[in-house]
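Novice: Same order as they appear, the protein sequences are chains A and B.
Heads up: the first sequence is residues 27 to 343, going by the numbering used here.
Heads up: the second sequence is residues 27 to 343, going by the numbering used here.
What the hints contain is simulated information worked out from the structure, not anything from laboratory work.
Hints may contain errors.
[Claimed, not checked] With the C-beta cut set under 10 Å, the calculated list includes, among others, these residues of chain A facing chain B:
1. R205
2. A249
3. L271
Note that CB positions come from ideal geometry on N, CA and C, so glycine has one too.
There are 2 protein chains.
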Amino acid sequence: MAEIIYPRMAVIGCGLIGSSIIHAARAAGVVGQVTVADASAQSRERIEALGFADLVTADPAEAARDADLVVFAVPVMAMGEAARAAASAMKPGATITDVGSVKAVVSEALSEAVPDSVFVVPGHPIAGTEQSGPDAGFAELFQNRWIILTPQAREDDPYLEAVQRLADFWTALGSNVERMDEKHHDLVLAVTSHLPHLIAYNIVGTAADLEGVTQGEVMKYSAGGFRDFTRIAASDPTMWRDVFLANREAVLEILGRFTEDLQALSRAIRWAEGDKLFELFSRTREIRRGIIAAGQESAEPNFGRDHRSADPDTKPQ
Amino acid sequence: MAEIIYPRMAVIGCGLIGSSIIHAARAAGVVGQVTVADASAQSRERIEALGFADLVTADPAEAARDADLVVFAVPVMAMGEAARAAASAMKPGATITDVGSVKAVVSEALSEAVPDSVFVVPGHPIAGTEQSGPDAGFAELFQNRWIILTPQAREDDPYLEAVQRLADFWTALGSNVERMDEKHHDLVLAVTSHLPHLIAYNIVGTAADLEGVTQGEVMKYSAGGFRDFTRIAASDPTMWRDVFLANREAVLEILGRFTEDLQALSRAIRWAEGDKLFELFSRTREIRRGIIAAGQESAEPNFGRDHRSADPDTKPQ
Ligand SMILES: NC(=O)c1ccc[n+]([C@@H]2O[C@H](COP(=O)([O-])OP(=O)(O)OC[C@H]3O[C@@H](n4cnc5c(N)ncnc54)[C@H](OP(=O)(O)O)[C@@H]3O)[C@@H](O)[C@H]2O)c1
Ligand SMILES: NC(=O)c1ccc[n+]([C@@H]2O[C@H](COP(=O)([O-])OP(=O)(O)OC[C@H]3O[C@@H](n4cnc5c(N)ncnc54)[C@H](OP(=O)(O)O)[C@@H]3O)[C@@H](O)[C@H]2O)c1
């Protein structure tokens, strides 16, 4: 058992990510008491029943009182309001973090909401499943996954110590810690996560609206590739609405590039330019090899996923 | 052990699909002798070493001689040439089939190439992995997967019997048999397979060409959703070039719809229309539930895939 890093941890919003943090932190032995605030009465009931928290409340301030670490794990656009609700109870010297999938907007919202006496260190674990809610959480979710911290531009020792303590916390949970500028985070994630989700939502929506092909046929023959998109496109609607609203500029920029490239590809098909198609398809194959080499994937047909293994930022059923 | 359905089976093009058919047919006990023709010297060497064929040759005619079933499992645009090369040796009354991912073009090419005395029954198994070549094949690939047969428009008894015999063969291999008009097949698969592949190739290509984000970052944070696209975009370049050339019209039609929808989605993001996003994201979630209910997927995070389980039409590494 490791040493306790945070004697008291508060989790505000205890769904998939919030509850997974609690399970993982308890398994690692790095927290003492754990308090939870959740807006949903149904979730609170489940959290009580699951018994992994020492205090369950609807009031963020009650949960945050005396906490050494406060983790905001609500949808991105709800972060500001949740932080304002908890602010008055925050202990001077406490660390305030979050797990939101967009960082610039959240970082600003948190910083504005909380007193100067606490340390704001935003973060984003690149791990998730398609499930949501407190029943979906599990301790292994963050194992071997990246956690990106986007600390503020300050260099004073107490702040740097707070950042280091949070990095140690995530390391204890099994994650690999990376520090990054928040704007850069939002651009990188627009590419690796937000655009893929947008495209998946779109293609599944398009397929649903076709006249010539029935929904039954789409489902029946989904093993042809479509199936993978439906998994991504089953991600939590609230979470993803918020992501696109909060990371609008970067998403639209990357989407513009994607659309340009798609037009070129469409032209190549129209004019039967087989060589162009072959060249692109060969190039993309190499990228896959790179990802397998980077350890983010295995070459096995089961996709390197075992039951409950940590999965993409987002995989609802 | 079942009864032998085809005393002699020839497989022309013995990669992933061709070799899987041989493994599955032998396991089911529905074939006697098996002959193989493959254009690649390297593949022929591997096939000899693997020892699953009674005859291995470069010459399609030699393999097809005296065969009761001839299965063409080469890339879609190579079907016509392969069939012409084998035609002279075909036994009257033999069944000629294929496994190509596009049906109208292949059906026409096969029919033109072969003598009137044989029965042409095109087919497409909706099963595959991202691997290719004869080493990638395995007997369970077609278990519980659909095989779509697109018989010709003829109603004479000998032909209908040949179709039924081929359906029985695939049933013995573990597949569920469906009959469909070839044009309709090409439209359905444009939606469930060809467009998803095109989109995946495109997004991976776009990501590779960005200035602000390095390839290393794309790989590192690919678990955010991008990873799933890279798997699809690692599919065999030759096979997929041929699919897009052979199914141009249907692919461009569906791509047009996809692009329209994407523009509307882009506008909704630009104008921060959260309700529109939420509505679409909720709708697509239902489709996922339909696919799980249709038995084409499981709700488990491992995606219902166990080691070597049959996978989407296409999943190269
Ligand atoms: N899912 C992923 O794969 C993933 C990965 C990395 C990061 N993230 C980020 O993690 C955060 C949480 O995602 P999640 O997947 O854990 O979602 P989730 O399972 O839906 O959990 C969110 C929880 O927060 C509650 N909540 C919503 N607004 C609240 C508020 N104002 N105050 C208190 N509680 C509130 C929700 O209650 P209700 O049910 O009443 O709404 C729900 O119980 C999001 O910011 C997301 O961007 C998610
Ligand atoms: N992969 C899938 O997921 C999947 C699923 C359903 C249907 N299909 C269809 O199945 C067919 C084969 O795909 P596959 O995945 O099995 O490909 P594969 O593993 O690459 O095998 C194709 C084999 O055919 C050989 N070949 C190519 N042209 C030939 C010719 N003219 N004569 C004789 N042999 C030739 C290739 O040799 P070289 O190596 O020298 O080219 C290779 O050994 C394609 O029509 C594809 O559309 C594929």
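Novice: Next step is simple, just say for each hint if it's right about the structure.
Specialist: Hint check results:
1. A cut of 10 Å between beta carbons decides the hint on A:R205: the least distance to chain B is about 13 Å, and the hint is violated.
2. Below 10 Å, beta-carbon pairs count as interface contacts, and A:A249 has one with chain B at about 5 Å; its hint therefore holds.
3. Taking 10 Å as the C-beta cut-off, the interface hint given for A:L271 holds, the closest approach to chain B being about 6 Å.
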